[in-house]
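Protein chains: 2
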Amino acid sequence: MFCMKDLPTREDFAPLEVYASLEPSSMLLFYQFLRSGSDLLTIFDDFLISHGISQGRFVVLLILRRKEEGFAPSDLAESAGVTRATMTGLVDGLERDGFVKRYDLHEDKRRTNVRITEKGEELLKTIFPDYFSSIADLMSDMTDEEKRIISKFLLKLDIGISNSKGAKSVA
Amino acid sequence: MFCMKDLPTREDFAPLEVYASLEPSSMLLFYQFLRSGSDLLTIFDDFLISHGISQGRFVVLLILRRKEEGFAPSDLAESAGVTRATMTGLVDGLERDGFVKRYDLHEDKRRTNVRITEKGEELLKTIFPDYFSSIADLMSDMTDEEKRIISKFLLKLDIGISNSKGAKSVA
DNA sequence: GTTTTATAGTTAGGTGGCTAACTATAAATG
DNA sequence: CATTTATAGTTAGCCACCTAACTATAAAAC
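From first to last, the protein sequence lines stand for chains A and B. Start counting the first sequence at 1; every next residue gets the next number (our numbering). Start counting the second sequence at 1; every next residue gets the next number (our numbering).
If you are wondering where the hints come from, they were derived from the structure by calculation, not from laboratory data. Certain hints may be false.
Identical chains blur together in the list; that is why a pair holds if it fits in one copy or across any two.
For lysine-lysine, the following BS3-like pairs were computed, each having C-alpha atoms within a straight-line distance of at most 27 Å [as the list claims (entries may be wrong)]:
{"#": "1", "residue 1": "LYS5", "residue 2": "LYS119"}
{"#": "2", "residue 1": "LYS67", "residue 2": "LYS5"}
{"#": "3", "residue 1": "LYS147", "residue 2": "LYS5"}
{"#": "4", "residue 1": "LYS125", "residue 2": "LYS67"}
{"#": "5", "residue 1": "LYS156", "residue 2": "LYS5"}
{"#": "6", "residue 1": "LYS125", "residue 2": "LYS5"}
{"#": "7", "residue 1": "LYS67", "residue 2": "LYS109"}
{"#": "8", "residue 1": "LYS101", "residue 2": "LYS5"}
{"#": "9", "residue 1": "LYS67", "residue 2": "LYS101"}
{"#": "10", "residue 1": "LYS67", "residue 2": "LYS119"}
Generate coordinates for the entire structure from the input sequences, incorporating the hints supplied.
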């Protein structure tokens, strides 16, 4: 979550113009983007919590739905973008509540296979209708053309992001 | 943070078309946006941690810089978008390390005033040059015209977001 | 002017991430 | 084949946020 509800204004940057590297338009967009992204994440979280599931758990169920034969916990972690340690906790909770099940793989005793259960599928089915319509509502002010433009922007931003990661200078 | 590195593709939504409320283009943009926003937040975090400060603390210092005479902790919490309890912890840590100082307000013994110290200012000054140039780099693929378009999009999204909040149906 | 209500800040305890270290098994190497 | 190295998963402990409850003070209402 990004902690800055009151975004700085263009005037706030005026006293900082001694810094040659300061680009107010980039700064403003950066903050605005973090703010919106963070708000969207919060809304997403709250929505799921009101349906009795955490974001992490929900995403695991969504991923499991993609492949009937199940996933290794490490693949789930990779797909979800969390550590294996975190995935252990998510799967523990989901299994305890009966939404997923672990199966042993006898060819390699280190490995495990995780599958969604019938109960897990049912949970998703109760959430989906609201979920889809809420997201559609969020985007309802935008035309398809606008969506296309934003999507292109996000790709450019991703390029900036991966460059940063590589350079390790990052912001 | 948004847990879903492998975003769903358009094909992933095909089996879900039984849901009338499903709008694949909205869903894809929603996920793409969450993903990029989350990546940006992570980069921002990592950058600050490499400079020895947490995001929450950094934002408090940025806010304090805006007003010489300082802020009440509750105003800081409001501006930062965190709870008062969280702000107590942030100010505790910053004060312990000498970056801010609490002052009593004698006209109302419940209240406190928090100000940035010289040491706090110095810390920001060591971070700023890198900070500004890193953000400028992130945005370097975009023209000013593009920034303007994105900014407009984000405002539209914010409208969707505040509508959701009001409706409490939210996604 | 006593009592009720509201406000500022803190404390206590919970959650969901993380890293680092550990266990068990498998694969590679001498 | 014995030993080293790598891999899958888990455990333990940290951090930053949250909510709910508490303390002290101030303001409002009888």
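Verification of the supplied hints:
no.	hint	result
1	LYS5 - LYS119	between (39 Å within a copy, 25 Å between copies)
2	LYS67 - LYS5	between (40 Å within a copy, 16 Å between copies)
3	LYS147 - LYS5	both (25 Å within a copy, 21 Å between copies)
4	LYS125 - LYS67	within (17 Å within a copy, 51 Å between copies)
5	LYS156 - LYS5	both (25 Å within a copy, 17 Å between copies)
6	LYS125 - LYS5	between (35 Å within a copy, 23 Å between copies)
7	LYS67 - LYS109	within (22 Å within a copy, 61 Å between copies)
8	LYS101 - LYS5	between (41 Å within a copy, 23 Å between copies)
9	LYS67 - LYS101	within (14 Å within a copy, 55 Å between copies)
10	LYS67 - LYS119	within (16 Å within a copy, 55 Å between copies)
Hint violations for this structure: none, all hints satisfied.
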